Each structure stands twice: as C-alpha cells, then as structure tokens.
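Trainee: Single-letter residue listing:
There are 2 protein chains.
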Amino acid sequence: MQLGLSFSDSDVSSFTPLVVLELADDTKAEAITWLLNRIRDKQQNGGAELLVNQLLFPAQDDQKSNPNVFVVGSTLQRLLNGAEDVGLFKEFQDGTMRGFTYANRESFKDFNGDGEGFLSDAECQYIIKHGLDTLRAKNEQHVPGYPKLKLYPGKSVVRRLQSKGVLIQYFPLHNKEDLKRLSFSWYKKFKLSFQPLDDIRHYFGEGLALYFGFLEYFTFALVPMALIGIPYYLFDWEDYDKYVLFAVFNLVWSTVFLEVWKRCSATLAYGWGTLSRKKAFEEPRAGFHGALGFNPVTGREEPVYPSSKRQLRIYLVSVPFVLLCLYLSFYVMMVYFDMEFWAINTYHENPNIATSILLFVPSIIYAVVIEIMNLLYRCAAEFLTDWGEPEILLFNFVNCFASLFYIAFVMQNMVLLRQSLATLLITSQILNQVMEAFLPYWLQRRRNKKVHKRMRRLMGDKELPLLGQVQLETEMNTYLGTFDDYLEQFLLFGYVSLFSCVYPLAAVLVVLNNITEVYSDAFKMCHVFKRPFSEPAANIGVWQLAFETMSIIAVVTNCALIGLSPQVKAYFPESDTQLILIVVAIEHVLLAFKFILAFVIPDVPKHIQVKLAKLDFDSLEALKKRVSTHLHMCTYLLHENRKCDSLSGSTSVQIVI
Amino acid sequence: MQLGLSFSDSDVSSFTPLVVLELADDTKAEAITWLLNRIRDKQQNGGAELLVNQLLFPAQDDQKSNPNVFVVGSTLQRLLNGAEDVGLFKEFQDGTMRGFTYANRESFKDFNGDGEGFLSDAECQYIIKHGLDTLRAKNEQHVPGYPKLKLYPGKSVVRRLQSKGVLIQYFPLHNKEDLKRLSFSWYKKFKLSFQPLDDIRHYFGEGLALYFGFLEYFTFALVPMALIGIPYYLFDWEDYDKYVLFAVFNLVWSTVFLEVWKRCSATLAYGWGTLSRKKAFEEPRAGFHGALGFNPVTGREEPVYPSSKRQLRIYLVSVPFVLLCLYLSFYVMMVYFDMEFWAINTYHENPNIATSILLFVPSIIYAVVIEIMNLLYRCAAEFLTDWGEPEILLFNFVNCFASLFYIAFVMQNMVLLRQSLATLLITSQILNQVMEAFLPYWLQRRRNKKVHKRMRRLMGDKELPLLGQVQLETEMNTYLGTFDDYLEQFLLFGYVSLFSCVYPLAAVLVVLNNITEVYSDAFKMCHVFKRPFSEPAANIGVWQLAFETMSIIAVVTNCALIGLSPQVKAYFPESDTQLILIVVAIEHVLLAFKFILAFVIPDVPKHIQVKLAKLDFDSLEALKKRVSTHLHMCTYLLHENRKCDSLSGSTSVQIVI
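Residue numbers (the working numbering), protein chains in the order written: chain A, 1 to 657; chain B, 1 to 657.
Hints listed in this document are in silico derivations from the structure and should not be mistaken for laboratory results.
None of these values were measured; they are calculated from a predicted model.
Hints may contain errors.
[Stated by the list, open to error] Restraint-style ranges between C-beta atoms, simulated for each label pair:
#, chain 1, residue 1, chain 2, residue 2, range
1, B, Q311, A, T549, 48 to 58 angstroms
2, A, L234, B, C264, 55 to 65 angstroms
3, A, V600, B, N45, 37 to 47 angstroms
4, B, Y571, A, I596, 29 to 39 angstroms
5, A, V600, B, D41, 41 to 51 angstroms
6, A, I596, B, F341, 31 to 41 angstroms
7, B, G117, A, D114, 19 to 29 angstroms
[Said to hold, decoys possible] To give an idea of the interface, some chain B residues facing chain A are shown, with a C-beta separation under 10 angstroms as derived from the structure:
#, residue
8, I552
9, V556
10, L579
11, V584
12, E587
13, H588
14, L590
15, L591
16, A592
17, F593
18, F595
Every residue, glycine too, gets a C-beta built ideally from N, C-alpha and C.
Using the sequences and the hints given, assemble the complete structure.
Mentor: Set out below in structure tokens:
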C-alpha cells in the first residue's frame, strides 16, 4: 500500500525531513489519505501546509517493519510564516529581541537572502510540531475508516489519533552532522570548559539549554561549600562553633546564588528570545481537549479546558491519592527504623566486620526502596492526574527526607543522622546514574545492533542512511522532559542544605555527582533518547520557587540542629531557655537577611530591564500609531497625489513611521 | 507694568484658567516677556503652546498685591495632544483601557464631538503641568535680565526659576462648581456611605483617590478586630488563651486584608488607566536636574541624573544623619523612662487623684515629644536628602515603637506596656487631627477673612470671582503629598497589630480615629490646602511593602508576648524550654501560613489579568503588523489601482487592519 508520492533515499532531495510520524501498521488506507491531505492542505483551508511523504522500505523485507512511517518537512516560506505564528523572538538589527514577522524579516539580524539558516533546526521542528498539533477537525464527524473515532469542529486531529493509538508517535529527527559537532564540543573533549549552551539551545531548544545551564551553575555554586566542607571531613572537626560558621555560610551562600541565578537565566532567556515571549499567546498544546471557546486574550478560537472539572478531580482523586502514598512512605520509614535498630543491636552483640557492614545494609535497602517508591509514585501520578507536578515534588521531598527529619529531631541521634544521610545520598546518586543513563544506553546498544544487522541483511551494501536513521530513532526511548532531572538536583540540594552542618561532605559528593551528571545527561540526550521537541522556556519555572523554599527550610533545620548539638548546649549549662532564645534570634536574623537580600537583588539585570521596557514602549507606541500612520499615509498620498506604487516597499515605511 | 493681552474677569471668556503661576513681584520685565513667550510658543519651537495671561487688579489697589500673577489655560486640541504625550490611558470602545491617541480619538468611549469634557479637570491640569515642567532652555545662556540665572540646553526653565525664587509657585485652580458637588457627596451628607472615589479621582487625580480608597478599606478591615476587641475591654478578660485566639485572628486577618487590598487597588488603578501606564515612559519631573542624555527606553533626549552622585550622598549624608537621629530618639526614650519611674514612685509614696493623674503625664509628654521629633526629622530629611522616604519611615517607626518594644521585651512589664501604648496611641491621634486639619483650617479662616475684607474694600459691590479666588488660593498652604497621611495610617497599623494581644482596644480607637480622619482629610483637601496637581498612581507603592513587613513583625512580637505572659507560662510550670519551643513552632506555622496565603492569592484579579494580557498581545501584534500593513495597503492600492483619496479615513483602516 502506497500513498502520495513515494519517498526513499533515492529522492531525498525533494525536501529535508525534519519530523517522523509513525502510524499503526494496520491503519486504514482512507484514514491515512485523509490525514496526509489535511497535513498537506493550505492553511486557509485549515490544513498544516506541510510536506509529508511515506518512507518506503525495499521490497525484500522479510521481517515486516511498519510501513506507515512518514517524514514531515516544510518549505522555507511556511517555516518563516510559522515562526511568526508561534511568536518566535529573534534578534533585531538594533540588537534587541523582537517578535519575528515575515513582513519585516529583512530588519532582523542574520536574515540573509531567502532566510536559509535563519531558523535553527529546533525552531523548525517546533514550528512543524505546532503545525501538526493545531491541525483541527473541520466538519468531519469521525476519522475516515474509523466510525468510532469521533471528531468535532476544533478537535485536535493529532491528539485524537494519538489517544486511540492510531498515531503511535511523532518526533523530530536528529541531524547527524550537527549532533556530531554538538556532542564533540559538549562532552567528547575532556578539557574542563563551560558547556556550549547556545549550541545546546540551537539543537534541543531553550527548555533543555536552561536545564543544563542551571546544572552547570548549580555545580559551580556548590564548589565553595565543597571546598570548605573538605577539612571538616579530613580533620573530623567536631567543635560546633566551626559547624555554626559552616552552616551560616551555607545559608547566606544558598540565598545569594539562587538570587543570582534568576539574573543569569533572565539574561540567557533574553538572548534566546523567550523572556519577552508571552505564554498566554501560544496555542493550547494538543493535549488540551474540551469544547471550542474563545481565548479572551488572543481572541482566537481554541478549545478551552473546563477548570471546574479539574478542580473536582484534584480534590477527589489526587489529594486522597497523595495522602495514601504519604502514609505508605511513613510506614516504610518505620520498617527501616526497625531494621536499623536490629542491625545496631546485632552489631553490639558481636562486633565484627560482617556486622559492621551489616550496619549500612538497612539504609542502603531503604534508599533503594525510596527510589522505587518515587518511581512508582511518578508513574501512578502521571497516570491518575496527568502531571500533578507539585504533588510529585511534595511526595518525593517527604519520601526522601522524612526519615532524616525523624532521626534529627525526634531521635536527636546525630551519628545515625550523618550515617543515614551519607548512605541515602550516595546510594541515590549511584542508582540515578544507572537508571538514567547506563541502563537505557545498554538497552539502546542492543537495539542498535539488532537494527543494524537487519538493515545490512535487508539491503546488503547499498547505503540508505535516512531509512536506517529513522529505523533506529523510532526504536529509541522518549525523553519525558526536564522534570526528573530538575527533581534530582532539587533533592540533592536538599541533602546538601538541610543538614549541612551535620555532614559537610555532602556538598563534595554532590559536586562530584554533578560533574559526571553533566556528561551522562549530555550523552543520554545525544545518543540514548529520541530527540525531544524544543520547548520555549523563559526560566526554570516552579523550580526557582522550590529551591528557594528549600533554602528557607534549611535555615530552620540548621538552626535547630545547632541548637540541639551537645557542644552548643555545653555553653549554656544553667538553662536551655537562654540557648533556645539565642538560636531563635539568630534564625530570625538569618531569615530576615534572606528576604532583604532577595528583595535588594533585582531579578533582571539593568541592561535587560531597559531592553524589555524599550520593547514595551515601542509596542505601545506602535499600537497608538497604527491608525495614525494610515491617516498620515493617506494625507501624504493625497498631498503628493500620486499612485502608491511609487512608494511601495520600505521607502514608504521610512516616510510614514 | 503689563504684558501680553491683559486679563481680568471682564474677558474671562477668552479661556478657562486652569493653573495659576505666581512670579516674584520684583521680577524683571524682560524675564516675564521671555517666559510668557516661551509658554505661548509652538511646541515644535520648544514652547509649551499654552495660553497664559496676566491677572490684572483694579487700579485703586492701595495694599499693593503682587501684580505678577498669571493664569494658564490651553486649547482643547493642545490638551488632547498633551494627553497622548503624557501617555494617558482611557476607556476604549471595547471596554479595555488603552493609551489615548489623538489619531484614533473617535474610538474611545465618551469621546463626543470635539472631545469637550473627555478629559477631567485633574487630567487637564496635569497635562498643563507637564507642559510647563518640560519647558526646557534652548540656547539661552541665562534667564533674560538675570545674568546670574545660568541656563543650558535642556535645563528645565520652571525648575531654574523656582530654585532661584523668581517663580514663587504654580498650582491648579479649584473648580468651585465641581468642588461644591464633590465636597457634598464626599463628607457633607452624614449618612453612612462609601466615598465617591471616582469623583475624587476625577477632581484630585489617582494618587489621592487611592489614598482615600486605602483609608476606607483599612478602616473597614479593622472593624472586625475592633468588634472582637470590645468584649476583652468590657469584661476585662485577662485569661490569655482568649488573647492567643485574638492574636492569631489578627495575624491571619491582617495578612488576608493586605493581600485582598492589592486586588482592590489593581482593579481601581485599571479602571483609572494607571495600571498599564508605564512609569518609565514619563518625562523626568522638573525637579530632575543634570546634563542632557538619552533615555534608553524612550530614546527621548532628557536630563539624566548621575546616580553615582546620589549613592555617594546617601552614604555620606543620610546614613550618619539617620544614625544621629536614632541616637537622639533613644536618648529621649531613656529620659521618658526616668520620668515614668519617678511618677510611679511618687504615686506609690502617696496614692491620690493628683498622683494617679501624674502617672499618665510622662507618656503624654513623651507622645508629644515623639510627634515633634517626627516632624523635625521630616523637615530635616526633606532639606538634607530630598525625600529620603524610606529613612523617614524607618525613623518614625523606631521613634514611635522603640519604647514599647523596650517595655515589652526588656522590662517585660505588661501593665506599663498597655498603659503607655494607650496613651501614645490616643495622644498621637489627637495631635494628628489638630496638626493636620484644625490648625491649618483656623489659620485659613483668618486669611480668608482678611482677603474677603480686602476684596470688598477693593472693588466694593462689583463681583470679581476669579480675582478673589486666585487671591484666596495663592495664600493657602500647599499639600505636600500623601506620604504623611500614609505614614500616619502605617503607625496606627503598628499600634494595632504589634501588641494587639496586650491591648485589644487599640483597633477600636483606630477605627474611631479613621472615621473622623476620612472627614478631616476630605475637608482639608477641599478647603484648607491648595488644590494639588494630580499624580498618576497604579498602587500605594512602598506602603504595600511597609504594611506587609509590619504584619510580619507583628507575628513575631505577638508570639513573643504570648510566650512571656504569666498565664501561658503557668501551663508549663516545669520547664520554659517546652513553652518556648511550642511558641516558636506556632510562630513558624503562622509565618509559613502567611507566605502561602500571599502566594496563593493572585495580586491582580483574573478578569484584569486577561485585559492586561490582551493589551500586551494587541500591542505586540501591532508592532508586528506595522510594516506589513503598509505593504498590504500599498499592494491593495496597486491592485485596486486608484488614488488614495478614495479610501482616506476610517474605511481604509477597516480594510487593512
């Protein structure tokens, strides 16, 4: 079965394939025809106006591979218009970032000739994705050939096909050349250097670039803590006045670096044109279902989500669910304590190497269980309440730190706290590295081998790079977004900051972890997972708040720990009262200091603020001028009393603006 | 001596006088001629393009009154253009607020005919003020006739003349009709009702309207506290569990109402068009001196203030100054305590009515001294560092509350705290009412009498309303802005919240005070002070932060007070430790709750957010479209191949937008 103009490496020239679209291999012919026509159809007819072709396999394919794989591309013209539709911001002649428009494309920096190479791969693929996602049903009652697949005007076609498993997946293709260049400059060369954030952004988009930017920044920010932490470990300083110093330094430092990060990310986001880009103006994502309505802001017709429904679901489903999970994790914690004490007792009964090793077993097991529970919760949450990210965050936090809080403030056993903190941290780091990169990599390599073998058997010596590449990438796992990566960093930050004054070495461990993390994450993005669609991001969003909250909690916990420490208590033999009052006072001073600091340090650097204000100003001016220019122009024309053709093009613009 | 076309009530018809300009009576003739010409000159020649005339007095003026009084007015056209220059926002046809432009004036709501009555008096006067303030020297070396009054291109003329005392003052005239109407609906009728905020804004501008809005809101917000506070006083409940309840209620309540106020003010400001109005786009105020530079945002040429200089001044002048003043206020506090103890001792030696009254004398004296010190600091600060508002705020805070903090937490004398709190609060309220309204009113009346007598003697029975009015208003005191009024409310809020659990009656007193405050403030605005120029304001600015900070401090103080109270201590006979820990825990919970609440409640109501987003969206779209529309239009014209006159006017706009 073959639809539209066939497509294989022979006539690759017809267009550069950017996105792969895989339909179920038993998809009805009429459905495919309909879909392809909708995709190819002009935009004014409600089509996506994209180029799409079926990927053909050589006839002698014994091992029947899915024939319904399509590659999607686009004309340059369509991409540039698309860039305007999705509201991309690009660098203007005057160095500011402005919303791109096809009309005044010439006025944008690096726009040469027909605009070839003006948009990055990631941007082109984002535009195509946007095109596919916003492909909406017109007056079809159902998908042709599938009376069950009901449609109504405005329903996202892609979404419906996906939900019913007709559309298996669609993802952007890797660009082998760029990938090679990127991966080399990113992690292949082992000299210490900053990551090529602009290249990353160029290839994977802003969302991921910001994550790697943050990862790098965070790691560098931890280095001072690590350096100060080392001597504590080496000479195991036990005198708490030193620990107090360390804790205070940490608290101040964590505040400062979180504030400074805001500025960095603002600068990055501005340079990438995502800072001034208004979220509200974007089309709703394809996942967005519901009846058609009017977006009050853009006035565009688009599906609106009944938020009352969402509210109800949150209260009826996710809240009880979260509570249940929390109960479970507490239960597990208690089991862990029983194990811990059993191990300690056995050690005290007969202390030898075996039993001393046994001491660490419970917390290792517990760490593993925690990781598993986090994973389970993650899946469950995704399944139950699609992406209840705050709850996931909350659960992970409790799950990871509950035991430590319990040990610290209920048992008040600092030795156990340190030991268990260390084991939890190290175990979770190791597990993460394995789960994240090496396991998928190993699976991936097995697949690669299989595919390569098949390819070779299929077409012997003649090279079909595209066909092979598509085959490989369709098999790859899908990258689920930066959430997990941020979450990991968030928890690591917790291990460092919450109990820093008890275990100064934590920072060192995290720094070491993150150095490998950069490489393994980079590697997994380039070679383990499918290339993800770029997602424009102006900042790290909820994570900024999460990290700041953590650093506030850290102030409280550290002050409390210091207050509890026997050495400090020793200073106030006569009365705890005085001690506690002093500790509380210090805590309040630190908190006040945090807030003043956060208030004093502006979130956006001055020069960016000016540029943003300038954009606003020009926009408002433009809004004012819009009518007046026309009047001017007409009066001008009347006055000059000549035909317009004499001033078509930019000259006229010069005159009237 | 007489310049330009003379002007008295005879030919009042020539234009409606809006602003009065008073020059020193010995001003050189050429200077006046020059100034008037500059004011009358066309804008493209760097003039203000305003109408200005000298106010003439009848010949037989024995008591020589200053002849150099001028009234300034403007043509409607100029005002409408001015409205565009200052970036006024007005209601658009579609109900949203948009930057007014003369070009599409027709599309604005309530714009009828030539636009008569479209702008409020306050707005007209604001535009005229803006015109005068932005009247800048061109290439004059100095003010004609005053070789000493150096000028340089871009120097604000008005500012220079003011600084050298040639220009005594300029202020907007009252509109007797409107004033009568306003003052009636505002405070004349004694039935309980909300203030006519829109009328206030219409007459005095947004800044003042927002103040009165806040005053009203704050008063209503205090009512619940007051109601709950009364029984504590009546049955003087001393059991602290009740006080704990009261304190907790206060803390939560204060958070909620401050958050909700943000929403209210946003709604008000949006309706008044100041919410979306960008501060950065305004011309610098006349007070702004310094060499000419380019505003990076607007690209307009305007004087830029060397901020390094300001920094230096802050560190070298205001910081030491503030410290000195603080030292003084502490010294006074100590003196007060000595008096207090002396009074208490004398009372204990022989307790009788005289000595029992004597008990209150010290705190009354102290209250008076505090008020005087605040006043002195105020003047000194204004003189030294023009309007170091934060410092003034800080100083007033310390000055008013230092003694209370000392009594509460150092002496831990709750009885004295309550007594001193009460006396301070009541005394300061009485003093404020006197200082603010009655004293000026009394002075004002004496002046009025004088002026009226003179007028009558001058021109017998023939009525010269304008002349009389100008005479009166030039003599009136100048209103120095809302700062003092807010400051008073801020301090009252402090008295209510900081120690609420010790003296629940405070709220009652403040409510009573504010009810009279509304009337006295309204009265002083209408009849005691010169009409102030309206100042566009989108919110209460620094005061929001100030009030929030106060409510945070209140959490700490109240928790501490409760912890210190003997009744609560009684619950934990064996150990203070436990008590303190519990108190601290409660405090942290309350603080956390505050921040969550502040985070959860959106600062701008949803429907306003949507409208703002819509404006942004349209602006950006417009910016995009600007060039394209022209191209469209040209192509359209080429296509239609006819002259432009066929589609001049709005139709063409319909076509291309």
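Trainee: So which hints don't hold here, by number, going up?
Mentor: Of the numbered hints, 1, 7, 14, 17 do not hold.
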